[in-house]
Amino acid sequence: MRSAARETWIVERWSRGSSPLHSLDARAKLAALAVYLLAIASTSAWTQAAVAGYAVILSAALAASRLPVPALLARAALILPFSATFALITWLSGDATRALALVEKSFLSGLAVLVVIAATPLTDLARALEAFRVPRSLVLVIQFLYRYLFVVADQAHRMRMAAACRQGIRRNARPRFHAAAGAVGVLFARSWERADGIYRAMAARGFHGTFPALAPTRFRTVDGVFLCGFALAALAVRLML
Amino acid sequence: MHIPDGFLTTPVWATLDAIAIPAVAWTARRAQSELESPDDRRIPLLGVMGAFVFAAQMINFPVGLGTSGHLVGGTLLAITLGPAAAVVVMTAILILQALIFQDGGLVVLGANVLNMAVVGVLAGYLPYRLAGRGKARSAAIFLGGFCSVAASASLALAELLVSGVPMARQLLWFSAGLFLVSGVIEGAITAAATRAIEGMNPLWIREARPARPVTIAVAVLGAAGLLAAGIAVASSAPDALQALLPGSKNAGIPEGRLTKIVLGLAAMILLYAACVIAGRRIARQRSA
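Quick mapping for you: the protein sequence lines, in order, are chains U and Z.
Numbering-wise (numbering that gives the first Met the number 0), the first sequence opens with residue 0 and increments by one.
Numbering-wise (numbering that gives the first Met the number 0), the second sequence opens with residue 0 and increments by one.
Treat the hints as calculated values from the structure; they're not laboratory data.
You can trust all of the hints, since none of them are fake.
Just so you have them, the derived chain U footprint on chain Z, three or more residues with Cβ under 8 Å:
no., segment
1, 22-28
2, 43-57
3, 82-93
4, 101-112
5, 160-167
6, 190-203
Among the chain U residues that face chain Z by a calculated CB cut under 8 Å, a handful are:
no., residue
7, V112
8, Y145
9, A188
Where is the CB? At the ideal position from N, CA and C, for every residue including glycine.
Taking the hints into account, I'd like the entire structure generated from these sequences.
Set out below in structure tokens:
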């Protein structure tokens, strides 16, 4: 649990860096990502040439992001347990090319999402989502969720430590089950009260349903050039290889 | 069960995205109009409760044999925040998981949202809605947790099967058993957690209102979705379906896809009618 929080924090720190990819408009990055993912997802005749093409496009973006490549690759590999299980099943039933395609497609898609997320702060991302007409309440819920994820997870961690200190190691599962249910209940109560406090504090500071932007975002020529180039490259691979 | 990108074929993910986007947009608007006051008082609450579900998923519940399970949370959210808000919160969780935790793909987000946020929450809420008042209350909460997990897991499996991910018969049986067990675990955890929450403040659990036509409409939609999934699975993997129906080979039913579909339809309609009649009777008893 601790490690999950820390890993998330790494993405947050990456997203605050500076690089050509970081400085692009979030809308351009999201649209380019969408084209890239759709190109991969709609490829039915999956060849190794196409894999190479998509990998080249992605590594260009990776180079432009100046992020630590081994760490990014390791994080994207979190997908592999799931896809490898299904790939193994496919392979055992005699379809080796399809098995390979499953692993490659899921890994490339996951890595592409990770590169964009690691190069875009969540506030910019949320504003881009709103620009793409995602319902405002959903975007707000995502932002609040992200902001309080660590706080509530830390609280859960502290509660678990405290419970372990008090009850020691009991062999019997039944009382431990009830203790865990009680912990969920207490966590629920504290989250609910915390939300009340947050709302009052924010209302006192003039919150009326939108987060004001510190600086207006402009869609510059660079963003347009990036979007067109990236999308055209992905489409070229999709249609030609 | 988060499906990553690359597992579903284009027609499958395109259809599911096309269903999920208007569904979420509609629920988000409904959740917004359900706010008690004109301001956004409940928005921070929804966000923090999403964080709560994330954190609660990290609390281990011992379930015997040295293994442990954890809360999934769709049903618990539905009976505390209401179904529309619960759908929005679960969708937000799934989007964050896809973006930051590499849990589930973005192109297949529609499929994951439909499985876990829409069907998972509604299937979890329906038993509570129908029988959440009176004696059968805790049974309804347990059943809600069970249905929520079982429905979303079998939908995900059906989508994978339709996309042509091959699966042997034994494996299908194994995963069906796995879904049953995880459904029972979710039901037990949801019931125990609900009791603990209720002990602190009964107002946190929403009272189940008597069934209205909306509930029946939702039930129709759910049944239709399951029907579509069933037909798709039946037409793409007839062997698998046959394996799930014990004794179907000796029953003397003539072969043929059309017959199979008609039979499936008839069974579904019968089952659905039984559910509606039972639900109405229970609702009448509660309100009387």
